[in-house]
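Protein sequences appear in the order of chains A and B.
The first sequence runs 1 to 417 under the working numbering.
The second sequence runs 1 to 163 under the working numbering.
Derived by calculation from the structure, the hints in this document are not laboratory data.
Predicted, not measured: the structure shown is a model, and the values here were computed from it.
Fair warning: there could be bad hints in the mix.
[To be verified] Below 30 Å or equal to it, Euclidean Cα-Cα: the simulated DSSO-like pairs (lysine-lysine) are: (1) A:Lys-339 to A:Lys-201; (2) A:Lys-16 to B:Lys-48; (3) B:Lys-159 to A:Lys-13; (4) A:Lys-236 to A:Lys-13; (5) B:Lys-2 to A:Lys-50; (6) A:Lys-46 to B:Lys-50; (7) B:Lys-85 to A:Lys-178; (8) B:Lys-2 to A:Lys-16; (9) A:Lys-88 to B:Lys-48; (10) B:Lys-163 to B:Lys-2; (11) B:Lys-128 to A:Lys-42; (12) B:Lys-50 to B:Lys-128; (13) B:Lys-157 to A:Lys-78; (14) B:Lys-159 to A:Lys-16; (15) A:Lys-16 to B:Lys-128; (16) A:Lys-13 to B:Lys-157; (17) A:Lys-88 to B:Lys-2; (18) A:Lys-72 to B:Lys-48; (19) A:Lys-46 to B:Lys-128; (20) A:Lys-159 to B:Lys-128; (21) A:Lys-178 to B:Lys-159.
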Amino acid sequence: MGKTFSEKILGLKAQKDVQAGEVVTVSPDYILSHDNSAAIIKEFRKLGVKDVISPQKLVIILDHVVPAASEKYALNHKTIREFVSSQKIQNFFDIPFGICHQVFSENGFALPGKLILGADSHTTSYGAFGAFAAGIGRSEVATLWATDEIWLRVPETIKIEIKGELPSGVYVKDVILKIIGEEGADRANYKAVEFTGEAVKKFSLASRLVLANMAAEMGAKNGYFEPDEETLLWLKGRAKDEFKVISSDPDARYEAVLDHNISSLEPQVACPHTVDNVKPVSKAEGKEFHQAVIGTCTNGRFEDLEIAARILKGKKVHPKVRVLIIPASRQEYLLALKKGILEILVEAGCVILNPGCGPCLGAHQGVLAPGEVALSTANRNFRGRMGSRDAQIYLASPATVAASSLEGKITDPRKFL
Amino acid sequence: MKRGRVWKYGDNVNTDVIFPGKYTYSILEPEEMAHHALEDLDPGFAQKVKPGDVIVAGRNFGCGSSREQAATCLKYAGVQAVVAKSFARIFFRNAINQGLPVLQSEEAVDSIEHGGEIEIDFDRGSIKTARGDFSFPAFPESVMGILEAGGLIPYTKKKLEGK
Ligand code: SF4
């Protein structure tokens with residue numbers, strides 16, 4: 001019987017033959033943390049250990065509230081900077097760089113066959129490059145800093161086969177929303193997800209990141225794409241380390257194989273207050289909203305900004321809507337700047353914010369008042385997430401958000417193409 | 001073995017409603033976190049919860065963010081344990097790592113109403129409600145060790161000192 005990617009990589013790390021369901025003790029290749037590093041430092045100190053055991057494995061990226069929005073946030077950042085310099089942590093990205101998952105990826109830490117653990121639930125993103133990447137909590141990260149060891153359960157794997165071709169005006173965000181809507185927010189709880197099928201081969205890496213990122217919204221421990229030529233090309237000149245591609249065996253055992261054909265897919269919208277409350281855009285059309293967000297680790301890359309610009313070019317956003325654009329990273333920001341994308345967006349009336357999480361977690365830069373409605377390209381629409389618990393969040397693709405921003409209400413983007 | 005009063009909620013209780021994101025980097029003391037426990041789900045909870053109370057919920061409790069405060073705030077609010085039909089993966093680990101027992105039992109959840117009484121016997125692995133006795137899978141030894149130490153940090157500290 002063959003093995004899945006997850007069984008193979010965790011077996012390799014644990015140096016034994018393992019199967020889904022077993023518990024292994026392993027040592028990761030990289031450990032990610034962000035603004036929460038301040039809280040992790042506090043826990044780390046309690047362990048009575050002076051130094052981080054493997055500082056070269058730490059990747060710390062400030063992104064959640066950058067620049068600091070208050071004295072408390074500023075103090076957190078200061079604590080982190082001091083720790084970074086006292087522990088000689090090389091892989092530190094201060095506030096100019098952008099959202100951790102994007103920065104981690106573009107700086108070549110997200111590599112095929114690597115085991116990556118991060119103090120963030122969307123650490124699953126790095127599966128887009130063929131890594132095993134999972135989110136963990138703060139105590140675990142603090143413990144890893146001190147011991148370089150953690151236990152993990154080898155997950156069963158669900159294979160998601162995506163077939164067909166994306167219709168015009170429909171994007172991978174619609175694909176993943178549709179899948180989550182059909183399968184449910186806990187379908188992949190404790191499990192690994194492998195995205196395969198003829199359609200995914202055509203998805204850009206930016207698009208694969210959307211799927212791997214949102215695998216977390218199905219409860220998945222990790223998402224995975226088999227690296228292909230495009231992956232390897234992208235990693236050229238970026239990879240921070242040597243790596244080896246690990247793939248599932250053709251006769252591997254899957255808990256389930258889920259088929260999804262996308263050829264006749266419509267744009268999708270996740271309605272409040274759960275990510276699996278998904279409807280086709282036709283059923284959500286006409287809903288008025290106050291704030292649009294195009295950004296986050298899900299959809300803040302160049303490809304997303306470009307789609308929005310294509311729709312907004314030469315037009316003005318609805319006067320009742322505030323449209324926030326947040327490039328996922330400085331690199332994506334620069335690219336959009338050089339290609340004139342940002343100019344189009346500013347002329348259309350959008351507000352460009354600095355790379356970072358922005359209002360995604362409700363801490364700053366556009367939090368919602370009671371009764372307000374937001375339409376966002378983010379990955380989560382939980383009650384209270386962007387500010388008031390009496391606000392509502394709808395999730396959609398950058399195209400749907402851009403088109404809707406013109407009308408001031410949820411709109412099918414296909415009529416602008 | 002301890003008796004507790006039940007606070008019952010539905011499916012998909014996510015980390016944002018357990019501990020809102022806006023506090024994640026501004027509130028660092030566990031006692032203060034407790035004041036905001038379940039704020040966006042049940043705004044009266046933090047004031048009324050008593051030590052030893054038990055949260056009972058449906059499927060996928062704790063889904064969403066990796067924020068460990070979701071477990072910390074419940075523990076410091078006095079919650080003795082969370083009984084749910086299922087837990088989201090990261091929350092499950094975080095709760096154990098905070099020394100907060102998380103017990104999975106569909107039947108126990110279905111057998112109890114909001115405000116009811118519940119008794120948990122960790123040694124026997126059983127949950128007693130007005131409608132019967134229900135067992136939950138025993139924790140592996142290592143997990144029990146973490147719970148008994150009061151969480152992963154004190155557990156690891158002891159282990160490191162013993163080395
Ligand atoms: S953009 Fe939002 S979902 Fe992504 S890492 Fe930041 S806060 Fe989390």
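Going through the hints against the structure:
| no. | hint | in the structure |
| --- | --- | --- |
| 1 | A:Lys-339 to A:Lys-201 | holds, 26 Å |
| 2 | A:Lys-16 to B:Lys-48 | violated, 50 Å |
| 3 | B:Lys-159 to A:Lys-13 | holds, 22 Å |
| 4 | A:Lys-236 to A:Lys-13 | holds, 25 Å |
| 5 | B:Lys-2 to A:Lys-50 | violated, 39 Å |
| 6 | A:Lys-46 to B:Lys-50 | holds, 28 Å |
| 7 | B:Lys-85 to A:Lys-178 | holds, 25 Å |
| 8 | B:Lys-2 to A:Lys-16 | violated, 42 Å |
| 9 | A:Lys-88 to B:Lys-48 | violated, 46 Å |
| 10 | B:Lys-163 to B:Lys-2 | violated, 35 Å |
| 11 | B:Lys-128 to A:Lys-42 | violated, 38 Å |
| 12 | B:Lys-50 to B:Lys-128 | holds, 19 Å |
| 13 | B:Lys-157 to A:Lys-78 | holds, 26 Å |
| 14 | B:Lys-159 to A:Lys-16 | holds, 25 Å |
| 15 | A:Lys-16 to B:Lys-128 | violated, 41 Å |
| 16 | A:Lys-13 to B:Lys-157 | holds, 25 Å |
| 17 | A:Lys-88 to B:Lys-2 | violated, 48 Å |
| 18 | A:Lys-72 to B:Lys-48 | holds, 29 Å |
| 19 | A:Lys-46 to B:Lys-128 | violated, 37 Å |
| 20 | A:Lys-159 to B:Lys-128 | violated, 39 Å |
| 21 | A:Lys-178 to B:Lys-159 | violated, 46 Å |
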